[in-house]
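Colleague: Each chain is listed here by its residues.
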Amino acid sequence: MSDGTPVLEVNHLKKYFNQSTSVLDTILRRRQSKIQAVDDVSFTLHENESHGVIGESGCGKTTLLMTLMGLYEPTEGEILIKGRDITEMSRRERKQFRSDVQIIFQDPFNSLDPKMTVRETLSEPLKIHDMDDHERRIRDTIEMVELNPVDKYIDRFPRQLSGGEKQRVSIARALIVEPDLILADEPASMLDVSTQAAILNLLSDLLEETGASMLYISHDLSTVSYICQEINVMYLGRIVERNETTSLLNDPKHPYAKALIEAIPIPDPHHERARTELGGTPRDPIDLGDGCRFRDRCPDRMDVCEKTPAFVETDDGTETACHLYYDHESYVSGGGTVEREDVTTASAGDD
Amino acid sequence: MADPLLEIEDLTVKYRTQGEAVTAVSNASFTVREGEYFGLVGESGCGKTTLIKSILGGLDDNGYIDSGTIRYRGEEIQDYSDDQLNETLRWKEVSWIPQGSMSSLDPLQRIDEQAIEIGRIHTDRNREEILERLRELFDIVGLQESRISDYPHQFSGGMQQRALIALALFLNPAIIVADEPTTALDVIMQDQVFKYLDEIKEDRDTSMILVTHDISVVFESCDQMAIMHAGQVAERGPVTEVFDNPRHPYSILLQEAFPDVRYPDRELEIIDGSPPQNVGTVDYCTFADRCPWAVEDCRVEAPPTREVGDHADHAAACIRSDEVLEIYREERGKQPVESDSV
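Same order as they appear, the protein sequences are chains A and B. All residue numbers for the first sequence refer to my numbering, where the first residue is 1 and numbers rise by one. All residue numbers for the second sequence refer to my numbering, where the first residue is 1001 and numbers rise by one.
In case anyone wonders, no lab produced these hints; they're calculated from the structure. A couple of the hints might just be wrong.
Just the calculated beta-carbon pair ranges, DEER-fashion [to be verified]: (1) A:M116 x B:G1273: 19 to 29 angstroms; (2) B:Y1015 x A:M116: 27 to 37 angstroms; (3) A:G280 x B:R1120: 31 to 41 angstroms; (4) A:E88 x B:G1333: 47 to 57 angstroms; (5) B:R1306 x A:M116: 23 to 33 angstroms.
Just so you know, even glycine gets a beta-carbon here, dropped at the ideal spot from N, CA and C.
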């Protein structure tokens, strides 16, 4: 893996769902509407990097995760794991993929089999992937997730573990097959604050130790910022902003990213924070058509927002999809990569 | 200072079980005054929901108030029957936004029908007056007046929450008790809800008890707060006092465990272990087993709640309350309070 091939590369990934149709719709030959859960998402994750995807419920982040795991067939676009397209894998490659990519679920209370002890839970993946030396690996991993002493925990059932301990077992289950990529679906969100910090610290230590990469999905920016170097902000199926964590928090560009960051409560009674100016809720992601998807709630809306904005890099390195941040004329003639055709015609209507 | 509205004193609440009774709240005391927003913070299972349910007589069948008093405007209400509570307190004086309130609107009834039901039982207003009042309230919480006859499912989560707040305000109560009102909501929506709660506070003299695990919303929105751990009130006082000068190990560590988006590089505190389940008489500090500074005496008797700091309302239940903050700062090599501009 030292050849610099990204662990995960996602190019123009789309996942649309068909909305259920009634008999009447079929008889009348109504056009079937599409739910655009993930729409043209691209990003790259290198070895030992951890990136976050944040967004409100319904923004498509879970669909993105499921598609990356191979649970949904992508509608368009490609997903490359260590350079190989996951949709074109042979059986053998697919099995390798299943051990290279591991997931940690949000809910530790329901994602462990209640009838399996910690030892059984951890030996399952070892059996499936024909790995040797079960006992040693199991003990090492339990120690790695700091469930000490090992003998106290190894024969326990999930009901005998607290929420934090359960989540540690989930993490151990993911790590035991030595994956290159961990997909984490808000692993700390259902835990109490006192345990949450422990899980976040543990995860970031383990990433360093094992060299694995992680894609961390959450709605809670304040926890994501502790663990990810780079954050993608998602809104209605699209990534609207991407930046290195501190820069994103200090200087968000996209109006949605701004609103999202400004709405986070600050645990300090001396800090004066204005309540959000934003009204309404995101639309349903059904037949969204052209244009910026945030335009109906955006305080900075312009005419040009009816055109889909390009995902551009601003002067300070932020990547954002907002018409406020690029000069359309020079962008097009300057030979920038125009991701969507619409942009070429967008220049006329600027402010 | 405003008059006390609700006073909880040495309240102990237990649940009958097959074995010995479980003590969910032990010797809790605090006071909520008129026009004040009071935050009740703690981890899951700390007894915060049990405590507020006991105020309104909403405990589960096996729960009972073992000792202590609850006074509302000076009158003891802990022994009130359901009828008495219905007549005097519920909705009119104290209204309750329960946890998971998205599911506490009747899905088969339009919002206006639900309001009419409340109005018929508790007031002698006629239908038109009730609807007029509901329209007013919808306007206050930022919902379109035309949507009063929608069904709950036609609203998004945040709107349902606001509709519920509108219903809670219906009879102009003196206190709203809100149990995790925004936990299921996204941050932007949460902020929208609090925006309206702020406005309600400014425009009228309503008090609120905000029960939550999220200390940051309490710091932002409340005047006074209490931090609970495993049934005991660890510390209470004005939010600024508890923040600047915490005197109970649990409140010190809990604050420092909370991620602050302004300082993503800060090391977060971890509180080892989990809260104990208490049975019978709680004659020890429930935090002792998780406390890095516990001494032998912590396990011998329940720590008395003592006034600390300069503020009369500020009290902590820790026998080492006069030294823990200094010990903490010394151990972590921290300077006293790095707070940003006031």
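Colleague: Taking the hints in turn, state whether each one holds.
Modeller: Checked hints:
Checked against the given bound of 19 to 29 angstroms, the beta carbons of M116 of chain A and G1273 of chain B, roughly 25 angstroms apart, stay inside it. The given range of 27 to 37 angstroms is respected by Y1015 of chain B and M116 of chain A, whose C-beta atoms sit roughly 31 angstroms from each other. For the pair G280 of chain A and R1120 of chain B, the supplied restraint of 31 to 41 angstroms holds, since their beta-carbon distance comes to about 33 angstroms. For E88 of chain A and G1333 of chain B, the Cβ-Cβ distance of about 55 angstroms falls inside the hinted range of 47 to 57 angstroms, so the restraint holds.
In this structure, R1306 of chain B and M116 of chain A break the distance hint of 23 to 33 angstroms, their C-beta atoms being roughly 49 angstroms apart.
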